[in-house]
Amino acid sequence: MLPQQLVNGVLLGATYALFALGFTLMFGVLRVINLTYGFYFTAGAFVAWFVTRAGGGLWLALPAAALASGVIAVVVDALLLTRLRRARADELASLMVTLGAVLALYAALAALLGPDIRRLPPAVLGNEAISLDGVRVTQAQLLILGASVVLAGGLVWLVRFSRLGLAIRAVAENPDAAGLMGIDTARVAALVSFVSGTLAGAGGVLIGLAFNAIHPYMGEAMMLRGFVVVILGGLGDIFGALVAGLLLGVIEVLTAGYLASGLKEAVAFAILVLVLWTRPAGLFGRPVARRV
Amino acid sequence: MRRRDVTRALAALTVAAALPARAQDAPVRVGLVAILSGPNAAYGTAIRAGVELALDQVNTKGKRIALTVADSGGTKDGAINAARILIGRDKVAAIIGPTLSNEMFAMGPVTNGRGIPTIGTSTTANGITDIGPFIFRTALPEADVIPVTMKKAVSRGVKTIALMYANDDAFSKSGFEVMQSAATAAGLKILTTESFGSKDTDFSAQLTKIKALKPDAVGISALVEPVSGVLLQARQLGFGTETLFIGGNGSNSPKLGQIAGAAADGLIVGSPWFIGKPDPANQAFVAAFRAKYNRDPDQFAAQAYDTLFILAAAIAHAGNADPERIRNGLLRTDYTGVMGPFRFDAKRNPASAEGVVVLEMHGGTFRIAP
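These protein sequence lines are chains A and B, in that order. The first sequence begins at 6 in the numbering used here and counts up by one. The second sequence begins at 129 in the numbering used here and counts up by one.
By construction, these hints were calculated from the structure, which means they are not laboratory data. Glycine residues also receive a C-beta, built at the ideal position from the N, C-alpha and C atoms. Take the hints with a grain of salt, since some may be wrong.
To be verified - Calculated from the model, a selection of chain A residues having no Cβ within reach of chain B, i.e. all distances over 12 Å: (1) Val76; (2) Ala92; (3) Glu178.
To be verified - To be clear about the criterion: a stretch of chain A counts as covered by chain B if any three or more of its residues have a C-beta under 8 Å from a C-beta of chain B, and this derived list gives those stretches: (4) 8-22; (5) 116-125; (6) 213-220; (7) 266-280.
As the list claims (entries may be wrong) - Sample of chain A residues at the chain B side, in silico, Cβ under 10 Å: (8) Gly139; (9) Thr143; (10) Met223; (11) Glu225; (12) Ala226; (13) Leu259; (14) Gly262.
Isolated chain B (complex conformation) (with noise of 0.2 Å):
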């Protein structure tokens, strides 16, 4: 209860800080986009929690701001569909989302055009904000953290890495591009490149060639379910402990110990946050997580999480639900919540990326990496 107490004090502090208080005034309705059904639905689910309790914490003192979830069920179709119904019923002022990256890439052009501030809590792809200006993301892109990933596998001697990746999803292509740009940087050398589909259970056949060729290390760009399938596979096929797995940031998920049990562990992947981060602000909001929804939050719901408090503090400043002014309220930021410092760069991206911490997967759950 007393940790409630400290969240809740937290919250009002910021809200008071953030938002003027114009009780009387109609609360400013903002749109959160993201898969709920499908099997990519655990990512929508934890940042519709992340979303909806920061929510909690902004309103405690009168309803400031009226939030409606559309589910996109992991589709570029959905993800446009979910928006215009958003945009067009709901007369949204702002949109949260949506999860894929392959999904943003698709809606973004939607919702720029019609001058709605879309921020993407998840989609980490290269080439994001490109789509335009109304785009904004506070997900640090793959291109900050999978370089930290790196640096650490080299540091426990690694000198030769094959990679593998999801070839039909934006997001896991794209963080296979920057994992062979950071592995060539690091002084890696790429022995060879093998690709697959993200809905493949089968992966017996480029792992037996990889094998084959003894690397060091395996770096994997996929989404944590074709993830934990192809780490099941290579145990079933005898990879063992010599060989260093490397995740992108699709493997950030506590699902991959629990798909993936102990085939996992020995897995490192780079994290712009942890759940075991000792400052205050992080473990008030781990405990009213906690507290709402009696389980742990992951990286998603962090991002979500703060990303709501940003969008917030932006409508205070905008002073009304005009869209153009939360865009100019955006460009303002300067917060600090969960994932640490947080202001956008010119290109409307995250600005800095000294939170990255990297993890091992160690008995099904992860662990600071040693």
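Extracted from the complex, chain A is given alone in its bound form (with noise of 0.2 Å):
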């Protein structure tokens, strides 16, 4: 029992990491509490669910999601966040205006879709599992898995070896002396809401895959726990996401393997608080001077 446990663990962590990936990237780097997140998300599976409806095949569904939740997210960080960043406001502005702006959109939706869980059509990627000695994953898990890792990856690169990387530093750093030293801010604020637009829309199709339910605020179900894993892993901090959302899901599949069922949430968030008690900046994360 405990390799299969050890298994879903991984697997489940994989989902929550996917999640993370772009979240840390706004979060952290554009230091904007951005709620729409969960809504970019949604609109992944959903423009997937219509692709592959329209007999487009997995291959063609994930990059058109993942593109147009790039696109969304670039929109809808303009409408809503180039006035906040103008004036200067806190955290806790750019925190109340996505959320309110998650609730009308997620609603939209709901009001023009209807609230039903959808399927992607069985066709698109098996669903059988594959047993090595006893042991079964599906070959959505394993993609969910291989992206994660590999995603992660391709954004540690962007961010610290890329001279955009360079430049999104720079933003984060100081968006003032960024702008003195000829950075286009705006530009690369709309660079970094489309790459993390990309990566919600592309997680989006692969969890409604692997757990074969699409609908409207599949994006909300997922907010909490990618909360959990972006502080745990500290603020921005990519490859933090990644070892943070693999530990919370092993957490707990083992609470409810081998503790009890009920106490899986109880377990996973004492562990945040703890890690919060213990080591505010996260994980992996080094203390950092409070920007005034």
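Mind docking these for me? Both chains are given alone in their own frames, and the hints should help you get the complex.
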């Protein structure tokens, strides 16, 4: 039973990590608590649903969904947050604006398409499990695990080693100074929104596929775990989000499997509190001076 | 068209019998509180459809009942708000709803305190009518339905069972308690009890644990969405036909087949109503429902449909919109509808469980379990 439970935990954790990657980028780099992130996740899943219904395969649906979510993220960010950034509003302002927006977006989507759970056509990706030595995994789950590791690696490379990443870090460090150095801060913000939107969209497709359930509120359900993972991993720490996601998944599954299923959340969130007590900057965070 | 005429005739007869002709009076306004948005809107939508179909038929000869519909959104606060608006602004004389037992436990004390008769059509948890003397229910409590399902399981050779339930929802939790005592009463050995959250999508830890214990059956008490999720994941984890899945009332929805597809095949569930019941009243209802909505009714629509007729008869008995008189009318209910003969017992619950049928999922739809 233990090997299967560990695999269950890693796969569940991979879904948390995949969801949290784009969120941590937005949260940590742009210093914006953008709750509309959950909506991009939902939107991606729905785009994929429409594409596959129209006969497209997963290899068309996945990029289409990612691209569409990225564009939605840029538009939403421009509409909601440009003014706030210009006015130098604090994190609380972005939290409130995006909270209102995301509730409106979920409700609009539910009114438009109905709140029913939809499934991707079974032909999109076989749901049959692969059995290895008694341990069972599905293709969708493997895809999620692979995608979260690859995407985390890609993001780390983008932020740490590319020219764009340098610009992103500069903007994160000090937007005014970055602007004075000739960095187009609005363009960087739009690009970061686009990248995290595409990540959310791709996550929505893969997770919708793995659990076979697409509905307007699916992003909302993931948001709480998303927060935990981002905080545990350290704000903006991409590698930290990956590790924290996997850790959370394994802890939840082991608690449910060996302790009591009712304690799953309690143990997971108790660990969050413990980590915040002992390491307020997250598991891998270095203490940073608070910006004024 | 012919079927529609039969329905109309039947409805007209019922109305003629139930309501003395006083068409010049203002209609009595009643409220419906149902979940029309959010993840559980499927239940509320079905209930609304059933009520509105019955309303058309009650009102064929002049408008006797006017209906105001309020959305609870599936939350306790939403249900309380909806009831306050219906009572305060719309001055309703009676309320049908809310949809979930959870909501009723929050809203019931409010409507009961205001002396407004409140009839749950889908609130099957234990203790609903203990809220107060104005709280009724037409839904057969799970305590009456689940023992019938367990008997069927035992007749198929089931000796051991694992139980799963959603621990954040009154309906699922009370269904679980009923399942637990019904399983014990039927002589089954309960190997383990696992819980989950009703919005969870991952059940792998619990299912892996259950699989290692090799029970003959797995009983699941939850709403249809999480039940579908459990079944889909159970198949991925290698549960086959050797395990009998037993659903509570939440599994009794055609949505189970739509969401879970072949993964749901073989699940059995007890139902107070079934679309294939051959009696003429039921067939007329199904035909009228299809004609109006272009889809099949479910149990929730059927219960809601009967409930409006029961309320209409009570209003006719009261002769006016006085809630106290309507309550007395409800207590005297003696009505035969699509669910079979109906009366309230002394505690304002349905008096008998004779209509229960055990259904089995087969190829994505229900059939009467062999």
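The hints, checked one at a time:
1. At roughly 27 Å, the least C-beta separation between Val76(A) and chain B is larger than 12 Å, which holds for a residue marked as non-interface.
2. Ala92(A), annotated as away from the interface, keeps every beta carbon of chain B farther than 12 Å; the closest lies near 33 Å.
3. For Glu178(A), the condition that its CB be more than 12 Å from all CB atoms of chain B holds, with the nearest at approximately 38 Å.
4. Coverage of the segment 8-22 of chain A by chain B holds [criterion: at least 3 residues with CB-CB distance below 8 Å; count 7].
5. For the segment 116-125 of chain A, the stated coverage by chain B holds: 6 residues have a C-beta nearer than 8 Å to a C-beta of that chain, and at least 3 were required.
6. By the rule of at least three residues with a Cβ nearer than 8 Å to a Cβ of chain B, the coverage given for the segment 213-220 of chain A holds, with 4 such residues.
7. Counting residues of the segment 266-280 of chain A whose CB falls under 8 Å from any CB of chain B gives 4; the rule of at least 3 is met.
8. Hint on Gly139(A) holds. Least Cβ distance to chain B is approximately 9 Å, under the 10 Å limit.
9. Because the closest C-beta pair between Thr143(A) and chain B is about 5 Å apart, less than 10 Å, the hint holds.
10. Among the interface hints, the one on Met223(A) holds; its C-beta lies about 8 Å from the nearest C-beta in chain B, closer than the 10 Å criterion.
11. Contact between Glu225(A) and chain B, as hinted, is supported at the beta carbon level, the nearest pair being about 9 Å apart and thus within 10 Å.
12. Nearest Cβ of chain B to the Cβ of Ala226(A): about 5 Å, under the 10 Å cut. The hint holds.
13. Checking Leu259(A) against chain B by beta carbon gives a least distance of about 8 Å; that is within 10 Å, so the hint holds.
14. Satisfaction of the interface hint for Gly262(A) is found here, the shortest Cβ-Cβ separation to chain B being roughly 4 Å, below the 10 Å cut-off.
Violated hints are absent here; each numbered hint is respected by the structure.
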